[in-house]
Amino acid sequence: MMESTEAEQRKQQELIENYSLRFHFRALKLCGVLPPECVYSSLWKSRLYDMYTCLVLIWFIPAIAAMFIELCNYLNSLEKAIPIIFQISAFVLSAILAIYFVYKRKIMIELFHILETNFRPYMEILGSSTKKLKTMEESLYTGKLISNTFLGVSCVTVFIWVVIPTIKGYIEFILQINQEGIEHNHGKYFGLAMWFPSNVNKSPFYEIAQILHGVTVITGVLNITGWFIAMLGLMYHTASHFSMLVDLIEDINIIFSTKKESEQHCLHTPQRKQYRDERHAEDESDEESQHLAQLHKYLTSCIKYHQEIIGLCKQIEDFLSPMLLIIFVFSEALMCLSTFRLAYGFADDESLKFLMSGSCFYVWLLSFCWAGEYLTEQSLAVEKAIYGCPWYKHLQTMHDIKFVIMRAQKPIQLTAGKFYNVSLETYLQIANTVYAYYTLLKNVADS
1 MMESTEAEQR KQQELIENYS LRFHFRALKL CGVLPPECVY SSLWKSRLYD
51 MYTCLVLIWF IPAIAAMFIE LCNYLNSLEK AIPIIFQISA FVLSAILAIY
101 FVYKRKIMIE LFHILETNFR PYMEILGSST KKLKTMEESL YTGKLISNTF
151 LGVSCVTVFI WVVIPTIKGY IEFILQINQE GIEHNHGKYF GLAMWFPSNV
201 NKSPFYEIAQ ILHGVTVITG VLNITGWFIA MLGLMYHTAS HFSMLVDLIE
251 DINIIFSTKK ESEQHCLHTP QRKQYRDERH AEDESDEESQ HLAQLHKYLT
301 SCIKYHQEII GLCKQIEDFL SPMLLIIFVF SEALMCLSTF RLAYGFADDE
351 SLKFLMSGSC FYVWLLSFCW AGEYLTEQSL AVEKAIYGCP WYKHLQTMHD
401 IKFVIMRAQK PIQLTAGKFY NVSLETYLQI ANTVYAYYTL LKNVADS
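First residue of the sequence shown? That's 1 in UniProt numbering, and the numbers climb one at a time after it.
In case anyone wonders, no lab produced these hints; they're calculated from the structure. Treat each hint with caution, since some may be false.
As the list claims (entries may be wrong) - With a Cα cut of at most 20 Å, we get these calculated DMTMM-like pairs of lysine to aspartate or glutamate:
(1) LYS106 with GLU116
(2) LYS106 with GLU172
(3) LYS314 with GLU383
Stated by the list, open to error - Here are the in silico distance ranges between beta carbons for each label pair:
(4) SER351 with GLU137: 39 to 45 Å
(5) ARG22 with GLY152: 27 to 33 Å
(6) ALA65 with ILE326: 38 to 44 Å
(7) GLU137 with PHE205: 49 to 55 Å
(8) CYS155 with LYS45: 25 to 31 Å
(9) TYR170 with SER46: 37 to 43 Å
(10) GLU207 with THR117: 22 to 28 Å
(11) GLU207 with LEU55: 16 to 22 Å
Note that the Cβ used here is the ideal one computed from N, Cα and C, for glycine as well.
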């Protein structure tokens, strides 16, 4: 087995014992979809959080209804209706995600629990490889980078849609500028285009409306961001386990080379050769048997590890596939609508909002497709690693390797509702579809 320093072994053991992926849940806990661990400690906390979750889900109804009412005022203007349709689509997507994942959140927690604990015995038993340690560190680092980046983007989105319009409203009110027609433009200082009462720009109704408006934006943004982070986390860390399995299979080369060097040393040392031939032929045979038994045990653990990862992929596919289809469909629409708004809008704060939000959906969809592609690549890397190890030198001992070879030839592919493969190729197809929709909208607007 690959040798490593004592410091590396301690670091690896500490990393395995503290291997946690719960940092992916931060946004979900804030938006009321996933209760923190402390909530389960008492019944009243659990009931209180359930009430909070129900309030979050119910909150989508009046928010979307207010947007539909505002949309009815601009049915004859495509340029003004498109931004409102964009908002409605985004909040409908957020509501669908919230309802589905609240209903299925126990399954999601169980999947993360499998990633954190069920694979730990294999990570501990299967040697202390420097490559494996590096893979684990990279997995945690990249997972935290994804989580923190998306959380940062969500904060910027909230700032653009909530804070900037609010500050702009106070500044223009204090300086008494751009106040013409304010009685008729009720939503001028609100990020979302939705129905507001006629006295909304008067204190204290303005402050109350801004608070409710801010809660609406934060709920919608955190919901989408939180679930996207969790879904990406499941996909990426599962692929990382395939990568760790590849490192462990490649360690078989070290096992064989170490044994081979030991045998060559015995053959080229006359004293040792004579000593072995005369007195310890049976001991050498026992040592060879122990070596093969150790190799067989190591290989069996690798096979079980591979089977469990494949089983987890099947569970993730069943859990994520329906939502991935909905995300793909809504993302196509949102990408098209935001592109149209930016192409036909003026360079103002409204364009900044749609530039930020539209870019988010482009990047989010690209991230899903990249994670799906990465998972497929790592599952295929298992086959390459097996073909690269000297399995042919001990066919009887490594007889079971054929099952891994047969299964690894079929790549793991996540699908969106069994219609799309989650891959970079699919992303390019969606981008072409978005451009086709944009061209259609452009022709309608021009006509």
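Consistency of the hints with the structure:
no.: 1; hint: LYS106 with GLU116; verdict: holds (15 Å)
no.: 2; hint: LYS106 with GLU172; verdict: violated (48 Å)
no.: 3; hint: LYS314 with GLU383; verdict: holds (19 Å)
no.: 4; hint: SER351 with GLU137: 39 to 45 Å; verdict: holds (41 Å)
no.: 5; hint: ARG22 with GLY152: 27 to 33 Å; verdict: violated (19 Å)
no.: 6; hint: ALA65 with ILE326: 38 to 44 Å; verdict: violated (21 Å)
no.: 7; hint: GLU137 with PHE205: 49 to 55 Å; verdict: holds (53 Å)
no.: 8; hint: CYS155 with LYS45: 25 to 31 Å; verdict: holds (27 Å)
no.: 9; hint: TYR170 with SER46: 37 to 43 Å; verdict: holds (40 Å)
no.: 10; hint: GLU207 with THR117: 22 to 28 Å; verdict: violated (48 Å)
no.: 11; hint: GLU207 with LEU55: 16 to 22 Å; verdict: holds (21 Å)
Checked against the numbered hints given earlier, this structure breaks hints 2, 5, 6 and 10; the rest are met.
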